[in-house]
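Protein chains: 2
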Amino acid sequence: MPRRIVIIGAHAAGCDAAAAARLTDRTSEIIMLTQERYAGYSRCGLPFVIGGHIKSFEDLIVFPPSYFKMNRIDLRTETTVTGIDTKAKTVSVHYKDGREETIQYDSLIIATGARAAVPPIKGREKHGVYTLRTIEDGQKIIEALKEARSAVVVGAGLIGLEIAVAFMERGVKTTVVELLPQILPAMLDKDIADMIQRELEAKGLRIITGKSVDEIVGEDKVKGVIVAGEQIPADIVVIATGVRGNVELAEKAGITLGETRLIKVNMRMETSVKDVYACGDCVESIHLVTKRPTVSQLGTTAVRQARVAGTNAAGGYAVFPGVLGAAVTKLFDMEIGAVGLTESFAERAGIEAVSMVLSGKTRASYYPGALPITIKLIVDKETEKIIGAQIIGGEGVAPRINALSYAIMKEMTLRELAKAETCYAPPLSETWDPVTLTAQALIRKIKLR
Amino acid sequence: MPRRIVIIGAHAAGCDAAAAARLTDRTSEIIMLTQERYAGYSRCGLPFVIGGHIKSFEDLIVFPPSYFKMNRIDLRTETTVTGIDTKAKTVSVHYKDGREETIQYDSLIIATGARAAVPPIKGREKHGVYTLRTIEDGQKIIEALKEARSAVVVGAGLIGLEIAVAFMERGVKTTVVELLPQILPAMLDKDIADMIQRELEAKGLRIITGKSVDEIVGEDKVKGVIVAGEQIPADIVVIATGVRGNVELAEKAGITLGETRLIKVNMRMETSVKDVYACGDCVESIHLVTKRPTVSQLGTTAVRQARVAGTNAAGGYAVFPGVLGAAVTKLFDMEIGAVGLTESFAERAGIEAVSMVLSGKTRASYYPGALPITIKLIVDKETEKIIGAQIIGGEGVAPRINALSYAIMKEMTLRELAKAETCYAPPLSETWDPVTLTAQALIRKIKLR
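Protein sequences, first through last, are from chains F and D.
Those letters in the first sequence? Residues 30 to 478, per my numbering, in order.
Those letters in the second sequence? Residues 30 to 478, per my numbering, in order.
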């Protein structure tokens, strides 16, 4: 009898797990269950549809229905899993037509993802208050934007800022309110975040940091928010204060959660229960620098974990080593990326770090079109290994973040980075890449101490 | 008495050596000698001035006269060094005003660079036949272009193709003739080179490979070249068949040359004679993959070696580990880069390699403006370490080459590369970077063997 693999969730993690399982075992039966109407789309693209860069939400669908058909994946949408029995190796499901069923599995993959975490702000139930997690959310926001002249986004993380910029690009006057003293607090140190904040403010985005939204006001429909006594008008409010892993199903089934309150897995992405795997936003990751549990709710992590979970669930062998938190985005014309530990995360992990921030150009200074780029390098003071980097620039940020991801993964030292060979042609780069120059400057700074 | 450092040559290698020497020893006396009228400019920029991308040759001057003044570097232009006496520790010089002088040195840095190597083609002395190595060469070519309607470039290396494209951009019908069976033979394998050749031909550039120029014809002034019996009209001919290191002065002084007929140096860039250092196009390098002597006449190598030579010549300590040959250029809208060994160089070095070529997109496929990119990865069959890469693409080639340079330097294996974390945002990248996808495809190919 063929192996039956049941996958709960059908986005980045679920779909890539299914793909890996199919590659590993051509004969297995694969059943995918999702509460959503749409499966296999890129959530990361949602803000860019709102901003008008991508034509329609349908363009975000990476795994079309034909994909599931071709790969013999039995996708069941608008289907709720109500329970997992790890002893009987079954999941109980509730279909949209009201039917209930108990499905036997040989391997189970939990890819339940995460949901928007909404803090208990007074008035959050009013019309015109949204979160952005699904295509349906996005459709509602675009509809609401048609009559909106002003907006408030609560939370200045990646998604919050991407939404705020999208609103600005649609001509809606927008304010971002962030409780912490800086924007992008999970991704960047304050020095770099402040540079970005100034750029965004210069584009007309209002940003309030270090203050909370006391209340969302309006009758039935939102009219504004109160921040530190000031009423900021808003026809639309989006709450983007992070996500919370959907771990309740796993927890109820007796599967162990880690110290981050996400599902604990081993390197094969296996949970505390045999034959039950988990991947994506609902699992805890190990940070490759600190070697300790961390929360990495990124699409890139999800797909990598999913391949490992899918391969193992189908009887193959693969391991997932851990995460570095490589992330990037584009806000207006500014590219922003980070990888590894920030200085403040390093400090919290007990690592004394030294750092250097340096600005340069993306091409030879005499070549027209050279754009500014600012690099921050973070190095472990004792080992002098690279442990983190943050980059803002007009171009070339993502591949430099990837290069530094390789460097951190391979435990490259600052001196090695300063000597590493880089290529050069006037239309494409500077003689010394700005990353190299930053490394050289950091070496001088360390020598002077 | 302050240390006196004499540097022969005043371009990338000479200037960076002087800068490093000044940083290392603030009190030293630094004398730089160059035959040229202009010092401290970027040779790599010359074709891009001809193409009209950079306004004037003066823009290429990276080290202006004020730099030498400020750093107390005694620059003597249009000055010929006629001999080195390593026993007496002197150099004999001939100034432009006819004066001769013998200069004592404590440390000597030979940064004599290279000159265009012109094969003995019949008719090469005619008017209208040029090489491109100096600003003066560039000025002559631009002058000649004013009345030129057709051109032939002999040699399809980096410089040859950059010149040919510059000519096309100026509306001059151009043919490139390459003796070897492919373009860019020192940089790329034939499969990748052929892809580029097709793109260049589609833009109207005529390329003839595997044939030599039998004769340059014309009376006093060039009229065309004869290739395999065909006369190709040309009002201007540029010979770009590579460069030859200026090692005669060193050789005459009894300094040892290596097997590549370039100056042999140790890791401190010291020659076979104490207190005599050498760097740049005139020295032999060690390849970081093969650990054997190689020729790396790149600006990026020159400046890196120069810093080490300058530091050591001034009493400091620094080592230069070797080269990977990271190179990049832009031809029309196409970026082309390579690092490490090509498959054919690997074979010649006795390394059995496996490789994979894969094409992808630079951004999410649903995001407008995604450009094509093709990656070739080369891996040592036994160790499965990455030993080389070649990339063509519409954007993002240079920083990917740098990333792979880090990977090769840190002896990253194919499996590590396939798992390495990369960042993702729809406007900036694909979920899986094309480099990652190529690595994954190569793993599958190896498994199937």
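Honestly, I wouldn't trust all of these hints.
Examples of chain D residues lying across from chain F (beta carbon under 8 angstroms, computed) [as the list claims (entries may be wrong)]:
no. : residue
1   : C73
2   : F77
3   : G81
4   : V147
5   : P350
6   : L353
7   : A356
8   : K448
9   : Y453
Label pairs and their computed distance ranges (CB to CB) [what the hints assert, rightly or not]:
no. : chain 1 : residue 1 : chain 2 : residue 2 : range
10  : D       : K175      : F       : K410      : 33 to 43 angstroms
11  : D       : G423      : F       : R473      : 30 to 40 angstroms
12  : F       : G344      : D       : I475      : 19 to 29 angstroms
13  : F       : A146      : D       : K84       : 31 to 41 angstroms
14  : D       : T442      : F       : I475      : 22 to 32 angstroms
15  : D       : R105      : F       : R473      : 46 to 56 angstroms
16  : D       : A378      : F       : T56       : 56 to 66 angstroms
17  : D       : T442      : F       : L477      : 50 to 60 angstroms
18  : D       : G233      : F       : A146      : 32 to 42 angstroms
19  : D       : P397      : F       : G344      : 35 to 45 angstroms
20  : F       : R297      : D       : R235      : 55 to 65 angstroms
Computed cross-link-like contacts, BS3-like style, restricted to lysine-lysine with a CA-CA straight-line distance of at most 27 angstroms [what the hints assert, rightly or not]:
no. : chain 1 : residue 1 : chain 2 : residue 2
21  : F       : K84       : F       : K202
22  : D       : K84       : F       : K390
23  : D       : K414      : F       : K439
24  : D       : K476      : F       : K439
I should point out that these hints are in silico values taken from the structure, not numbers from a laboratory.
Positions of the beta carbon are idealized from the N, C-alpha and C atoms, including for glycine.
Index of numbered hints that the structure contradicts, given in increasing order: Checked against the structure, the hints that fail are numbers 3, 4, 10, 13, 15, 16, 17, 18, while the rest are satisfied.
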